[in-house]
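J.: Top line first, the protein sequences correspond to chains A and B.
Residues 469 to 623 (this note's numbering) make up the first sequence, in order.
Residues 469 to 623 (this note's numbering) make up the second sequence, in order.
The hints are simulated quantities; they were obtained by calculation from the structure and are not laboratory data.
Among the hints, a few may not be true.
If several chains are the same, the list does not tell them apart, and a pair holds so long as it fits within one copy or across any two.
[Unchecked claim] Result set (SDA-like, lysine to any residue): computed pairs, CA atoms no more than 20 Å apart in a straight line:
no. : residue 1 : residue 2
1   : LYS606    : VAL588
2   : LYS527    : SER617
3   : LYS562    : LEU623
4   : LYS608    : LEU623
5   : LYS523    : HIS592
6   : LYS523    : ARG612
7   : LYS523    : SER620
There are 2 protein chains.
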Amino acid sequence: MKEQHYKNPIPTVDTIIQKGSQILLVKRKKEPFKGLLALPGGFVNEGERVEDAAKREAKEETSLDIELVDILGVYSEPNRDPRGHIMSTVFVGKISSNNKVDALAQDDAAKIEWINLEEVNNTHFAFDHQKIISDYEKWKRSGRTFWSSRASMLL
Amino acid sequence: MKEQHYKNPIPTVDTIIQKGSQILLVKRKKEPFKGLLALPGGFVNEGERVEDAAKREAKEETSLDIELVDILGVYSEPNRDPRGHIMSTVFVGKISSNNKVDALAQDDAAKIEWINLEEVNNTHFAFDHQKIISDYEKWKRSGRTFWSSRASMLL
Chain A
469 MKEQHYKNPI PTVDTIIQKG SQILLVKRKK EPFKGLLALP GGFVNEGERV
519 EDAAKREAKE ETSLDIELVD ILGVYSEPNR DPRGHIMSTV FVGKISSNNK
569 VDALAQDDAA KIEWINLEEV NNTHFAFDHQ KIISDYEKWK RSGRTFWSSR
619 ASMLL
Chain B
469 MKEQHYKNPI PTVDTIIQKG SQILLVKRKK EPFKGLLALP GGFVNEGERV
519 EDAAKREAKE ETSLDIELVD ILGVYSEPNR DPRGHIMSTV FVGKISSNNK
569 VDALAQDDAA KIEWINLEEV NNTHFAFDHQ KIISDYEKWK RSGRTFWSSR
619 ASMLL
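If we strip away everything but chain A, and leave its shape as in the complex, we get (with noise of 0.2 Å):
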């Protein structure tokens, strides 16, 4: 199998979830990137489906159950994680109206934050999640979708 006998990137997930004008993020517990703040998100295991990650690690990182709306998408620069070559699909997400709790911190995550979209510019973000969440507000306006290398200055 051609599978075997190459090396291929890691698969992980991260979703941007908005509630009015602020966006869910976690201070990491762990290196890399330890103590800054990142996107609910995580590795996608074997036999899991990249959208049933991402509502996993929301929910095992923030206590909360979301949705997905769309995918922002797909970031593999291969140096955007210092643990090797490590690819993310990035869904945008919401709340579900199911929830009985607010966002509470668990897992790799020390702490739950709601930064202001207008405070992003201004935060240190771990790996490319800077870039992301600035993509994520160009996807509002545009609706287009989103890669490491993407020019995006006009969409």
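Given chain A, work out where chain B should sit, using these hints.
T.: Positioned in the frame of chain A, the structure of chain B alone reads:
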């Protein structure tokens, strides 16, 4: 490192290239699905961005330079490929204006075929490519993105 302890899906890419009322397909030279039609695509190598893999595979299999327009979806149903859990980022692309040649089968492609979108429902495709092309028709109307389990009737 967490990713060393778990198994993860292996990433591939596929691209939908429409010209007039037809889309570009390749007849598979090898198993699985040898002899069936598939979108141009293949495995993403470690160190390679998904967008670059999509352009490389289109070039290798059809001899054409392409440009990427958008991401249609990410398909990761665990049983979509009999070789194992293989996920695909599917791009919508177009033929670059700088091509000096027509599509010509190469590499893993035994033959190039241009299929009318109207014939898609009556054609037997490799993998889940019939569903992907059906989602593409919806994408053209709605601009929405897709994944394996998305209930797409209303999109």
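J.: Does each hint hold? Answer for all of them.
T.: Now for the hints, and whether the structure bears them out:
{"no.": "1", "hint": "LYS606 - VAL588", "verdict": "within (14 Å within a copy, 33 Å between copies)"}
{"no.": "2", "hint": "LYS527 - SER617", "verdict": "between (30 Å within a copy, 19 Å between copies)"}
{"no.": "3", "hint": "LYS562 - LEU623", "verdict": "between (23 Å within a copy, 17 Å between copies)"}
{"no.": "4", "hint": "LYS608 - LEU623", "verdict": "both (10 Å within a copy, 18 Å between copies)"}
{"no.": "5", "hint": "LYS523 - HIS592", "verdict": "neither (25 Å within a copy, 33 Å between copies)"}
{"no.": "6", "hint": "LYS523 - ARG612", "verdict": "between (22 Å within a copy, 19 Å between copies)"}
{"no.": "7", "hint": "LYS523 - SER620", "verdict": "between (27 Å within a copy, 18 Å between copies)"}
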